[in-house]
Amino acid sequence: MKKTILQFVSGIALTSLAFLAQADELNLRPGVTEISRAVYDLHMLIFGICVAIGIVVFGVLFWSVYAHRKSRGQEAAQFHHSTKLEIAWTIVPTIILVLMAIPSTQVLIAMYDTGGEDMTVEVRGYQWKWQYKYLDEDYNRTFSFFSNLATPRSQINNRQVKTDTYLLEVDRPLRIPANRKVRFLITAEDVIHAWWVPDFGIKRDAVPGVVNDLWTIVPEPGVYRGQCTELCGKDHGFMPIVVEVLPEAEFDAWYASQVSTEVVKAESFGETFTHEQLMAKGEEVYGTYCVACHLADGQGIPPAFPAIAGSAVALGPRDDHLRLVIDGVAGSAMQAFGKQLDPVELASVVHFQRHSFGNDAGDISQPADVVNLSGGQ
Amino acid sequence: MSEQSRQQANINRTVGKLCLMVVGMICFVAALVPLYDLFCEITGLNGKTGGPYTFDEAKATPDTSRLIRVNFLTNTNEGMVWKFWPEKGAVRVNPGAANTVSFFVKNTTDRVMVGQAIPSVVPGAAAEFFHKTECFCFEQQILQPGEEMEMPMRFIVGHELPKNIRSINLSYALFDVTESVTVAQINSASTVPAAGG
Amino acid sequence: MSEVIHADHHDDHDHGPEKGLLRWLYTTNHKDIGTLYLWFSFAMFLIGGVLALVIRAELFQPGLQFVEPEFFNQMTTNHGLIMVFGAIMPAFVGLANWLIPMQVGAPDMALPRMNNLSFWILPFAFGMMISTLFMEGGGPNFGWTFYAPLSTTYAPDSVTYFIFAVHLMGASSIMGSINIIATILNMRAPGMTLMKMPLFVWTWLITAYLLIAVMPVLAGAVTMMLFDIHFDTSFFNAAGGGDPVMFQHIFWFFGHPEVYIMILPAFGIVSHIIATFARKPLFGYSSMVYAVASIAFLSFIVWAHHMFTVGMPLAGQLFFMYSTMLIAVPTGVKVFNWIATMWRGSMTFETPMLFAIAFVVLFTMGGFSGLMLAITPVDYQYHDTYFVVAHFHYVLVPGALFSIIAAVYFWIPKWTGKMYNESLGKLHFWLSFIGVNITFFPQHFSGLAGMPRRIPDYALQFADFNMLSSIGAFIFGLSQLVFLYVLIHTIRSGKPAEGRAWEGAKGLEWTLPSPAPYHSFTHPPKVTDAEVQG
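Residue numbers (this note's numbering), protein chains in the order written: chain A, 1 to 377; chain B, 1001 to 1197; chain C, 2001 to 2534.
Note that these hints are calculated values from the structure, not bench results.
One thing to keep in mind: the hints can contain errors.
Not everything, but these chain B residues come out facing chain C in the computed CB check (under 8 angstroms) [to be verified]:
#	residue
1	Ile-1011
2	Val-1015
3	Leu-1018
4	Val-1022
5	Met-1025
6	Val-1029
7	Phe-1175
From the three backbone atoms N, C-alpha and C, an ideal C-beta is built for every residue, glycine too.
Looking at chain A on its own, in the form it has when it is part of the complex (with noise of 0.2 angstroms):
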């Protein structure tokens, strides 16, 4: 029996061995940044002091169970306490607190330094997504974005492989310059949500009617992917981060081309489309934006996510359902696309969800309506 078990446990044990040795990630990652490297080293001092008290204390507790047994004839002592014994392990583990303190300290008020910034980028949680503000000096360079999950449903539904980024792959990633002081300011819309880039080293809860603040230096171009980290709802686990740190000037040429398209954007605000232009633009909007309540079928899950497809809403006023879109539903899941989604956007997706899952209003929508009942720009 004692056989069997211990050729169990030493088998379980192997197999789990052979197995940490092929996974790569076994780890904190040390990051890409000055804080975050500070934040490993820390990690692996605490570590390291764990491990050797760990190696000590369990190794008089085997030791006593290995040697201080009744089937090895052991008389036992009947000592109940030392008073020498255990003032010295009150004071001992007290003096490694105290060193341990010392450089969680410095690393943290080097976290906390404030201010020296060149640029600033205001982070807001979403459910389930997250927007980046530039706050640019000049109000009228200040732009915006949203940053969904790109992962398609067909691959978390397991009907299509996965790719290397799954779930953690993103439609417009955060752009910001290497070598630059970059503060975040994190905050959110709804519920709390939490913003963590694990290669910086920072993370921050965004939560709603307060804002935080996270700064960054990041020496290295390159992408750098993370996730919300505190539960928000239903798809807390498919809004990822995904940064791109780019070379000062080529972040400068984009900064640049953001700026201006913005302009040309909305310029294009008075087109006009035809029914297949809006039902095409409309039908990505959806994908991106609704599915995820609403789903493919427009079907929804009541009674938090009314279905469309064959709802009032779709079926009557065309102004109705715009406003309904733009505005959202105070005190329920469906948010203000106002804010999120240009005129362009706003059109097509409510054109689209009047002409599918067997609606068909037979109206049509345009941005100019759009801009119309938000009282113009």
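Chain A is already provided as a structure; the job is to place chains B and C on it using the hints.
Below, chains B and C alone, put in the same frame as chain A:
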């Protein structure tokens, strides 16, 4: 007195004390809400700023050796559909000098609405040195359908601002408080005093 | 109140329990109520375990296979709530009911009718909570920590039932604690001074005070939620001038002492078992008592270490980091004392001892990861990842749960008068021990690699560890059926046990015959030095 009834009296006394303790803890919980607000005010936790600040501008003594960058964030909260934006994304100011920045709101809906802006300062340690002599956040705004309003905000960054703080972020979240304001108030004025301050 | 005791006093002379099922409904006997609590908690443990297996089945592979994210969130939430409030806490109360009167030499609990009430509230509370899973819109899905505004403005309609269920559990816990304190302070046999009390009694005395202090706080938090949801107040609603962060402060002011409520009685149990099977007096009895008291005190000033990422001022972060690190000192003292108790003993390794040693080792590992989590700058990297999941499961499963299982094996001869089957007990131990480590050890790695908790689907680099963890969870879950079999087997056909079922056992309960008579110590026993710990 028998052993039995003496024990029973002791038990009753213990239970009485413990019930008092439960009642005490319930009172403590009730007191937690104001205590928390007080705590936030003292520590600047959550960046809550104070009410109107009185300041004699004739006696202003700007500290030209320091230049503080002040970033402005404007957000409309969930359910609030107005447009809300600052005149400038950021300004650079000297501690001790008075500055004015304008903010704009526009009611894009077809109904009368009331808005309330809630300010917050980051880092929290700067909150107690960020003084507003004039701010739209001290009152609520009532806007007619399609109406746009310019709202000036006048502020001073105190000399005592810790040296390690080189930039301050002032954020305003605009909330829809239409439901909490009576029709009579909406009809009689264009602004009403804010509930908080 | 005095009528209660008198009525009880008149009919407590040497007759056994009434016949039939109504016995259990009307009983005021501490042994019956202890049994009810223990079976109730075991049922909850199995239900919570099934929910955990749903979670692990979904996480076996990346992608969504079995459940939708919405339902997954209901599983994680209810698993946490049921295990904390339905399994671990009632199990400790059940042990307290069985053991405290026998260990202090009292005939029963101080308030027997309230005892009955505090148990019978629980099935209704949990019936209500579990029924929400079958309601339209689903049950609680906001995590067992139910952070506002996810649990208020954005909660499913069933949240109101959840709030009332929490109120009922709170009321039950408070009544149970008042009863325990009243018993310990007033009903000890002559000669049983405070510093001679068995450690299980001591740890429960302190735990009961913690419960009385923090359960009203929890009730206050859910009441504020109720008002925010139904009466348009704005305690936690930023739009109305409230603050969602305040919810977390209030919740963790309850939540951190709650963590110790789930572990302090375990310290008491393990102290008894280790001393018994080492056949030695417990090392450092008084320092054990002081350590428990200081852990209880510290538990009130460390709550914000659960919230390092909400954005507190630097001074606050430092304070909570230092105070949290300090907890390692009294906890260390306890571990050292247990090892010193084993040192130069004459040890045998029956099932309760195996669970107790596993407790010491694995709880200490949970303590190490806890120390790492206390270090604020590194906690930013660990916070809300599987590293945290691994940490608290190490202190709660091989910690609290193993101590409860150890207690059942240790005292079951006293309860039933029969001995369990040692081979089956050992089988149960080894399956549980292996299962628990395969389940939770890999979670340290997936956490360090960056896997957030409470997600139904994950990136491919976490796949291997999750698969391993799921395999372990099924081993652990199924091995609890062995436990159920051992229990039934013992009750139906166990070999008769002696009064002092274990060679090295000390304490008043072992002076009684096995099974303990339905009414024990109707006349206070004489407390001899041989039977006390101090």
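At a threshold of 8 angstroms, is the proposed contact between B:Val-1022 and chain C supported by beta-carbon distances?
Holds: closest Cβ of chain C sits about 6 angstroms from B:Val-1022, inside 8 angstroms.
Per-residue hint verdict: B:Leu-1018, partner chain C, C-beta under 8 angstroms
holds, 5 angstroms
Just to be careful: measuring from the Cβ of B:Ile-1011 to every Cβ in chain C, is the smallest value less than 8 angstroms?
holds, 5 angstroms
For the hint on B:Met-1025, does the least C-beta distance to chain C fall short of 8 angstroms?
Given a least distance of 4 angstroms, the restraint on B:Met-1025 holds.
Was the hint right that B:Val-1029 lines chain C, CB cutoff 8 angstroms?
Because about 3 angstroms separates B:Val-1029 from the closest Cβ in chain C, which is inside the 8 angstroms limit, the hint holds.
Interface hint check: B:Val-1015, Cβ to nearest Cβ on chain C, cutoff 8 angstroms. Holds or violated?
OK, holds: B:Val-1015 within 8 angstroms of chain C, min 5 angstroms.
Hint check: 8 angstroms Cβ-Cβ cutoff, B:Phe-1175 to chain C:
Since chain C brings a Cβ to about 5 angstroms from B:Phe-1175, closer than 8 angstroms, the hint holds.
Hint compliance for this structure: every hint is met.
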